[in-house]
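Count along the sequence shown starting at 1, add 1, and that's the number in this note's numbering.
Worth flagging that the hints you see were computed from the coordinates, not collected in a lab.
Each hint should be verified, as a subset may be incorrect.
Said to hold, decoys possible - When the alpha-carbon atoms are kept at most 25 Å apart in a straight line, the in silico SDA-like pairs for lysine to any residue are as follows:
#, residue 1, residue 2
1, K4, R77
2, K4, S33
3, K36, G12
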Amino acid sequence: MDKLYHVEIGGKDYVLCATVNANLRIAEKYESVQKCFGLIVGTDETTEGLLLASLSLLHWYLEEGCRRAAFDNVRRADGTEYEPIPLEALGTLITGQELGLYVNVCAAAWIGGDAHEVDIEDDPKNAQSGGQKAGNGSSRKQG
């Protein structure tokens, strides 16, 4: 069963979902979801390749999250529908640190587990594992 994972990006609630369609798009570009994650965690990949693989993964899971939310009639707390974030805008709205945390949420969505939640503070030594925030907002699973 697909599950929606809620994340906050740019101060707004979004959902991501590791649907078959998202994973097919990833496999078309990277040969498999495993190879995409391998590029992200591998040490041989260039910074550009790592960032592109991470951003693409997040972008496709967010797009599918919006589609799945619409299908399931899930809306934001204010009643508005979820809408996808264009890839270029996504890269502008988040930092590299946040991207890494969102990739952890994507990995949890892919394997069907709980999202690993991490607090982000201005000072990295203040970050606490197990908190209520991922990226610049909260991450929670629904479904």
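For which of the previously enumerated hints does the structure constitute a violation, in increasing order of number? 3
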